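Colleague: Chain by chain, the residues:
There are 4 protein chains.
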Amino acid sequence: MHPIMTIEDIHAFLESHFPQVHADGRVLSVTDIRPGGLTMRFEPGERHLRPGDTVSGPSMVMLADVAAYAAILAHIGPVALAVTTSLNINFLRKPKLAPIFCDCRILKLGKRLAVIDAILTQENVDSPVAQAVATYSIPPK
Amino acid sequence: MHPIMTIEDIHAFLESHFPQVHADGRVLSVTDIRPGGLTMRFEPGERHLRPGDTVSGPSMVMLADVAAYAAILAHIGPVALAVTTSLNINFLRKPKLAPIFCDCRILKLGKRLAVIDAILTQENVDSPVAQAVATYSIPPK
Amino acid sequence: MHPIMTIEDIHAFLESHFPQVHADGRVLSVTDIRPGGLTMRFEPGERHLRPGDTVSGPSMVMLADVAAYAAILAHIGPVALAVTTSLNINFLRKPKLAPIFCDCRILKLGKRLAVIDAILTQENVDSPVAQAVATYSIPPK
Amino acid sequence: MHPIMTIEDIHAFLESHFPQVHADGRVLSVTDIRPGGLTMRFEPGERHLRPGDTVSGPSMVMLADVAAYAAILAHIGPVALAVTTSLNINFLRKPKLAPIFCDCRILKLGKRLAVIDAILTQENVDSPVAQAVATYSIPPK
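Protein chains in written order, with this note's numbering: chain A, 1 to 141; chain B, 1 to 141; chain C, 1 to 141; chain D, 1 to 141.
Be aware that one or more of the hints could be misleading.
Since the list can't tell identical chains apart, any single copy or any two copies may satisfy a pair.
To be verified - Straight-line alpha carbon distances no greater than 25 Å define the calculated SDA-like cross-link-like pairs of lysine to any residue that follow: (1) 94 x 46; (2) 96 x 81; (3) 96 x 36; (4) 96 x 3; (5) 96 x 9; (6) 94 x 83; (7) 108 x 39; (8) 94 x 127; (9) 94 x 109; (10) 111 x 51; (11) 94 x 8; (12) 111 x 26; (13) 94 x 1; (14) 96 x 43; (15) 94 x 15; (16) 111 x 123.
Hints were generated in silico from the structure; no laboratory data involved.
Predicted model, so just to flag it, every value in this text is computed and none were measured.
Pulled out of the complex, with its shape left as it was, chain A reads as follows (with noise of 0.2 Å):
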């Protein structure tokens, strides 16, 4: 399973296919594209906060979803658009107010279907915020 975007790729497609996301500015970026899996850095702006200075939990959704989403693509080429259908999230520690990295590995990816396994850290990678798995439908070509 090798990647076939570069992380320049991503940023270009994710520029013009998710432009809401960066509405305030940009605040996801990819750092690294790896066989099977990608990480993505999350930069919380005002409007993804919570009172307690903490990152709300549509936020790491939206992270979860976007990584795993740029996981695929990455793998698959931006042709065939694939659908998110069904996401389940697991939150584990309240975030800081500081920048999320989300690690993807890809646990499936068949014709059809695609299971992304997401985990969500801050500075100790041992005590992750958040773990997520997404599953994506693929469509015909």
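Put chains B, C and D on the given structure of chain A with help from the hints.
Modeller: Coordinates of chains B, C and D only, in the frame set by chain A:
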């Protein structure tokens, strides 16, 4: 299981605790509170959209999360602050660019844990756009 | 969405396709089939128990999975064989050593994917013992 | 996070608390305990099968649940009894009629809640047959 807060109570609470949600105008409003349940209406704004004039997945997660949270609040009062511990969502149909209603049912409201089922619909109540289950940890008094 | 198989049809199908389930006697039986839904009754046997005279979690998963599968079958017929792709279950209350009823509602029955909501109850219908959502991949004809 | 029980301790505990699991002979055994993790081996018996010589979904749920439970136990000791509150499983590939290994990683071990990630593999470690996340409520001491 009887509600102890009114729609106005919930609105006032959300206004003061979730100001980010309403940054672009009030997009969420409670339309019904009933024993064991609550309905919330979501009016998607520009930043909740995705290409193809549809509503983004994370926006539906936000709706389900806030609505489920409000359902708990309505039944235990604003004192104890529940924390979302997990959320599972199935995206069933592409929503149109129109309001989404989220019907919550409290499956369990224990001393430590609450579990809420949420069905998101638009016009056709028999064809939901999404279904979610969220769990909340209720802190000791 | 109208059922095209009868209770007897479903029983005959399960008998021939899931013989292991009934290894110790028939523990599962369909009690109702309706448009978009199905109810299955589970009579726990010795091997489904856990200490404290309760029913094991995996037994409830088995019930939800077979019931959801039967609900799909009842509406599309025995030709195409659906495969479970994911299952999310919340254990809400400790079940007693007594029959459990599983009420299934088809949330989506697409060409490729079906999503079923299942509520497991005992005596008190308002206090379910578990809630599950299962997704199935439907093979191309 | 260091384990405080040995493989033999865990086996003795399962033997006395989950006798049903081993009704047809010992099918589960711990093969490794490490800081923050545990591996369990499952030898499928006749009653865990499905047509086509594959292993049933609920049997994989049983494996993930018992393995995750054992992982918690190994780290907190046999005193407090954890209760499964939710389980999410993705079935990725049809398992062969052969042993399945379940690698558990403790994502969180809090005072009240534990969250465990489980990856089920057979021969090819890079192509898991299933992935699960289970949450447990830990009773107050």
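Colleague: Please list, smallest to largest, the hint numbers that this structure does not respect.
Modeller: Violated hints (numbers, rising): 4, 5, 11, 12; every other hint is consistent with the structure.
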